[in-house]
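Peer 1: Here is what each chain is made of, one letter per residue.
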Amino acid sequence: MATDAPPPSKAGTPLPSTEEFVQVQESAEFGELRSSYRSFAFPLTVGFIVWYLLYVLLSNYAGDFMGTKLFGNINVALVLGLGQFLTTFLIAWWYSRHAAAKLDPKAEAIKSRMEGGA
Amino acid sequence: MSPAITLAAGEASEHRPLIITLFAVFVAATLVITVWAGRQTKDASDFYAGGRQFTGFQNGLAVSGDYMSAASFLGIAGAIALFGYDGFLYSIGFLVAWLVALLLVAEPLRNSGRYTMGDVLAYRMRQRPVRTAAGTSTIVVSIFYLLAQMAGAGVLVSLLLGITSDGGKIGIVALVGVLMIVYVTIGGMKGTTWVQMVKAVLLIVGALLLTFLVLLKFNFNISDLLGKAADNSGKGAPFLEPGLKYGATSTTKLDFISLGMALVLGTAGLPHILIRFYTVPTAKTARKSVNWAIGLIGTFYLMTLALGFGAAALIKPDEIIASNKAGNTAAPLLALHLGGVDSNWGAILLASISAVAFATILAVVAGLTLASSSSFAHDIYANVIKKGQASEKQEMKAARYATVGIGAVSILLGALARDLNVAGLVALAFAVAASANLPTILYSLFWKRFTTQGALWSIYGGLVTAVGLVLFSPVVSGKPTSMFPDVDFHWFALENPGLISIPVGFLLGWLGTILSKEEPDAGKYAELEVRSLTGTGAH
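From first to last, the protein sequence lines are chains W and H.
Under my numbering, the first residue of the first sequence carries the number 112, and numbering increases by one thereafter.
Under my numbering, the first residue of the second sequence carries the number 11, and numbering increases by one thereafter.
Treat the hints as calculated values from the structure; they're not laboratory data.
With a straight-line cut-off of 25 Å between C-alpha atoms, the simulated BS3-like cross-links for lysine-lysine are:
id, chain 1, residue 1, chain 2, residue 2
1, H, K245, H, K326
2, H, K489, H, K335
3, H, K263, W, K180
4, W, K213, H, K458
5, W, K213, H, K298
6, H, K294, H, K534
7, H, K397, H, K52
8, H, K298, W, K217
9, W, K217, H, K458
10, H, K255, W, K180
11, H, K534, H, K458
12, H, K245, W, K180
13, H, K534, W, K217
14, H, K294, W, K217
15, H, K227, H, K238
16, H, K335, H, K238
17, H, K263, H, K335
18, H, K294, W, K213
19, W, K180, H, K227
20, H, K326, H, K255
21, H, K245, H, K263
22, H, K238, W, K180
23, H, K534, H, K397
24, H, K326, H, K227
The whole structure should be built from the sequences, with the hints applied where relevant.
Peer 2: Have a look at this one:
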């Protein structure tokens, strides 16, 4: 770490001790935050990766199906491809909403307690 | 010189003064920004992280500017123009990948690291070996990516300016290299971020304009546009279906799966993308920046559809191929045709889009140079060589020297590789990022038992497997499109190693952990886990 520079004003409080981190990690409050995050993010990640792989496999091995024309020159392949865009936008929005409503308040409560009252 | 290149050169050289003027205006503007940013760069957090005061929107723009390389602008538009639907497949992987960054990586990384990817990987591990591994992987990924961009810049700018001599191409590579050294050594992260923001705005405005003009030609009837593209391509309905590029054989199909995996899992392991999340104050703003990036990048890729199919509909395929075999000049040619081939408007549009492409390259190479020199200075110099005893001043000095060194190496390699086909190196960078970096990041953040040995096995194992497989693939030898077409020592059939190397990276991280004799540091994991989820002590 720097020893020759003046301490920057935003350096803030020193980090809590390892014991405090272990205590918080084992607390019920943190357990809720962790499970609220993991039970949302992990299955969703598996979900969008499977959906993407499905699309890749269809492109590879289901050419006839993908070439089916739906209206005008718009075929299934194009609609599914645009569908990947749409689901990406939707998942990003959905996760952000979940994070703002369920994760941020819990995280901020723990953070301000740990940084404020050591 | 082949007649093809002379044709393009003849077409371009008429517009050369205008293109050069626009290039010069962009370079001058970015240099002013760089000097201004340099004056405000005082401590290490300014140099590495731009002072951490960018807003979510600003960083989202900069992330987009860092990510949308010339490959994604010119390459995807060109691939769509020549191969139709299969060109579009690329952009889908590039976009979906951002969800991995959003859901699993950006926020924990922002909360628990300071300057580099190595900060998070080494947090709970023995510092020196893991920092060395993280630094090595960062520099390897960034140099591969950089080399592809530099060589691409040489080809592209030569084509746009009608320069055909070897000396001219080397001069372009050297110019790009010197500019990126100046941006990074003087402006640091702050300067680089502003350059990327300006570039993102130019790129999006340019693409919007072309998209609007294309759609106007077809009265905003997308079905007509697609129909005309399919007819004009001479390939008919298959042009709008998957398979023209990747559907040829069962090997190319496997290759496509491999590429898809590398794209989706690689983005969240690219060091030059990861360090962008340190430029914002909190995890919440990091999340906002990814959301902006997803919106901007997604919109941009939707526009490349219009550009690619527009080029296919309005320009004869022979003319696109004659200008550049891979279709890389389809977008600039489209600009010329939309404005009118013999009119001033055509010349102005062509020059503007060419200048945007040049800006794109400069912003991306600056980001890559910064990522690798930061990792050298912070991970390897300060924490391995100096064992954490380097002062902030020494560290910044090391970062600036590293920038000059990496810049010089890239100029040299870029000049040597100017006639090799190095486009495959970008896909390789994604594959290494997905095989070496992503497994280690995810295990570090989420798996309590993960150990130093596990981290080293996944980084080095993923790295060596990915690079090794590419070395013995058709990317390097054995085909007319290879880097060295005249020799053949390839035995691995796929061009992209991801299908093998990504599972190997994950597997080795797990195996190294369960076979290691040391106990994981539970206290350190408590620190990392609590910090990564709550932001306690983030600075």
